[in-house]
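K.L.:
Heads up: the protein sequence lines correspond to chains A and B, in order.
Position one of the first sequence corresponds to residue 16 (our numbering), numbered consecutively onward.
Position one of the second sequence corresponds to residue 16 (our numbering), numbered consecutively onward.
Calculated from the structure, these hints are not laboratory results.
Given the structure is predicted, the values throughout are model-derived calculations rather than measurements.
Be aware that a few hints might be false.
Just so you know, same-sequence chains aren't split out, so a pair can sit in one copy or run between any two.
Computed list of lysine to any residue pairs in SDA-like fashion (alpha-carbon distance at most 20 Å, straight line) [as the list claims (entries may be wrong)]:
1. K224 / S94
2. K92 / A167
3. K229 / Q192
4. K150 / D65
5. K92 / Q252
6. K224 / Q192
7. K150 / T50
8. K78 / A167
9. K60 / D49
10. K229 / V69
11. K248 / D95
12. K78 / E164
13. K233 / D179
14. K248 / R221
15. K150 / H51
16. K244 / C197
17. K224 / R104
18. K92 / T214
So you can see what is in the structure, the chains are spelled out below.
2 protein chains.
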Amino acid sequence: MSTLATPVANLQVAPSDKLHDLLADYPDLLEQADTHCWAMLETAKLHTFDANTVMFSENMECKHLMLVVEGTVRVFKDSDEGREMTLYRVEPGELCIHNLNNLVNGMPYPIMAQAETSVRGLVISRSEFHNTMSKSDGFRNYVLRSLTERLANMVNLVSGLAFDRLDLRIACWLQTQFERNCGRPIAITHSDLGHELGTTREMVSRILKDFEHKRCIKLSRGSIHLNCKHTLKLVSQGKGKRTSRG
Amino acid sequence: MSTLATPVANLQVAPSDKLHDLLADYPDLLEQADTHCWAMLETAKLHTFDANTVMFSENMECKHLMLVVEGTVRVFKDSDEGREMTLYRVEPGELCIHNLNNLVNGMPYPIMAQAETSVRGLVISRSEFHNTMSKSDGFRNYVLRSLTERLANMVNLVSGLAFDRLDLRIACWLQTQFERNCGRPIAITHSDLGHELGTTREMVSRILKDFEHKRCIKLSRGSIHLNCKHTLKLVSQGKGKRTSRG
DNA sequence: CAAACTCTGTAACTTAGAGCACACTTTGCC
DNA sequence: GGCAAAGTGTGCTCTAAGTTACAGAGTTTG
Numbered sequence: 016m017s018t019l020a021t022p023v024a025n026l027q028v029a030p031s032d033k034l035h036d037l038l039a040d041y042p043d044l045l046e047q048a049d050t051h052c053w054a055m056l057e058t059a060k061l062h063t064f065d066a067n068t069v070m071f072s073e074n075m076e077c078k079h080l081m082l083v084v085e086g087t088v089r090v091f092k093d094s095d096e097g098r099e100m101t102l103y104r105v106e107p108g109e110l111c112i113h114n115l116n117n118l119v120n121g122m123p124y125p126i127m128a129q130a131e132t133s134v135r136g137l138v139i140s141r142s143e144f145h146n147t148m149s150k151s152d153g154f155r156n157y158v159l160r161s162l163t164e165r166l167a168n169m170v171n172l173v174s175g176l177a178f179d180r181l182d183l184r185i186a187c188w189l190q191t192q193f194e195r196n197c198g199r200p201i202a203i204t205h206s207d208l209g210h211e212l213g214t215t216r217e218m219v220s221r222i223l224k225d226f227e228h229k230r231c232i233k234l235s236r237g238s239i240h241l242n243c244k245h246t247l248k249l250v251s252q253g254k255g256k257r258t259s260r261g
Numbered sequence: 016m017s018t019l020a021t022p023v024a025n026l027q028v029a030p031s032d033k034l035h036d037l038l039a040d041y042p043d044l045l046e047q048a049d050t051h052c053w054a055m056l057e058t059a060k061l062h063t064f065d066a067n068t069v070m071f072s073e074n075m076e077c078k079h080l081m082l083v084v085e086g087t088v089r090v091f092k093d094s095d096e097g098r099e100m101t102l103y104r105v106e107p108g109e110l111c112i113h114n115l116n117n118l119v120n121g122m123p124y125p126i127m128a129q130a131e132t133s134v135r136g137l138v139i140s141r142s143e144f145h146n147t148m149s150k151s152d153g154f155r156n157y158v159l160r161s162l163t164e165r166l167a168n169m170v171n172l173v174s175g176l177a178f179d180r181l182d183l184r185i186a187c188w189l190q191t192q193f194e195r196n197c198g199r200p201i202a203i204t205h206s207d208l209g210h211e212l213g214t215t216r217e218m219v220s221r222i223l224k225d226f227e228h229k230r231c232i233k234l235s236r237g238s239i240h241l242n243c244k245h246t247l248k249l250v251s252q253g254k255g256k257r258t259s260r261g
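Given these sequences and hints, build the entire structure.
P.N.:
This is the structure in structure tokens:
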């Protein structure tokens, strides 16, 4: 997360007959896509970004909207003191929603977005976006949905930060990750997990160790293994306060 | 904030020739309103809510969208331990954006909204909303703007909670309030200010007292007076750590 | 294999914020 | 006036979280 590459964008035109293939696996959009929506996507250009590319940062202006086709983009906020906090991720089939602010309001936006993996995305021009928003019910609903979902997530972030203890937030994070991974180990360093949740490496280490003592998880270098999801659930529900540090 | 009245809604039909009058003072929407938008507003019904009415709460479903015409609605999240945190306010000329989540996604939403004053609002049906979204460029842009602006505010909330000390957050809050009020006193109790920022009455008291010692502000029962906006600015920029508590 | 680097563990300490307790003051009301 | 309620000030204590510092384990690379 700390090594930021310089922006790189290799431009290619997407062969129109491949659009369906590109989006085949992402039903969210497909369900709603109608002819207008497809027409817009036909005009889009397929860009490729290397892993770690900073896709936008602090006050960078952004005149396009991108639909991610492959890879993930991490959107985060960083502090002066070198801490970071992940706001959300943009995954295949999803829109870089924060571009919208720029696009709609013309306001700059003090957050960063960075490709976590190599990323391919369909870049849509501002005018095509507005045009399709007016014509395509499906696309409009899709965009509205994305926005309101992000908003809902953000509210959860806020309430976690305001009211929940760190161990609880970590436990919840682990829970959702293990769920996604079907219980398979999560590959992440303590430092990166700190950056996910806006805290420090040391706190993460301590709390994870505590969870290991409680036999929820098993730690190894660079990854976290699930030991007992039942115990983890208990911990994440706030039962069982953290044990003293000695 | 703690005394919650039971929901009350007095229904009246808005006389169509009064629409302009109702919205006259709120240029944000007016600027963008076109014939379709006005047509929708003509179908809307003017509801009145008493002060303190809970407009929606935890998992209440909400089938309509409301445009606030008079009064303000406070949208907040509350914790199990009796703390609260204001997420934002809906003021005249603005939409209750969180309804949208319900409307668009059909998802319930674990936050509360409460009329701070008596509130009048134009209630728009779901179908009219979608209909107008498709027809009116102005309305669509207005909605998109509102959403992205809220999202931007939410990001600021998150970063404040994650990275900033409480005294800083309070100082910033004071700053923006005084700016709105043109330097006139802010009427709020320490306890309510705690609910604004997701903290406790005691912390607010202590920190405000500290600011008073620094001569930024002057405290009196139920209100905060600006003393020197320059000093406050310095404090809110993080210069001058909080003095020790003795 | 040795050096360099990355990652983890953990002890000691500091600080921010919360919670409790209680005194005091202002306001409003009978 | 006198009582109740709401609001404020503040000391004390406790705990969550951050900070510093360092040791050691694992990994990579020359």
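K.L.:
Against each hint, give a clear statement of whether it holds in the structure.
P.N.:
Okay, the hints, checked on the actual structure:
no. : hint        : result
1   : K224 / S94  : neither (26 Å within a copy, 28 Å between copies)
2   : K92 / A167  : both (18 Å within a copy, 12 Å between copies)
3   : K229 / Q192 : within (19 Å within a copy, 47 Å between copies)
4   : K150 / D65  : neither (34 Å within a copy, 40 Å between copies)
5   : K92 / Q252  : between (27 Å within a copy, 19 Å between copies)
6   : K224 / Q192 : within (18 Å within a copy, 44 Å between copies)
7   : K150 / T50  : both (10 Å within a copy, 18 Å between copies)
8   : K78 / A167  : between (25 Å within a copy, 17 Å between copies)
9   : K60 / D49   : within (19 Å within a copy, 33 Å between copies)
10  : K229 / V69  : neither (39 Å within a copy, 42 Å between copies)
11  : K248 / D95  : between (34 Å within a copy, 19 Å between copies)
12  : K78 / E164  : between (23 Å within a copy, 17 Å between copies)
13  : K233 / D179 : neither (24 Å within a copy, 33 Å between copies)
14  : K248 / R221 : within (19 Å within a copy, 38 Å between copies)
15  : K150 / H51  : both (7 Å within a copy, 15 Å between copies)
16  : K244 / C197 : within (11 Å within a copy, 55 Å between copies)
17  : K224 / R104 : neither (27 Å within a copy, 41 Å between copies)
18  : K92 / T214  : within (12 Å within a copy, 22 Å between copies)
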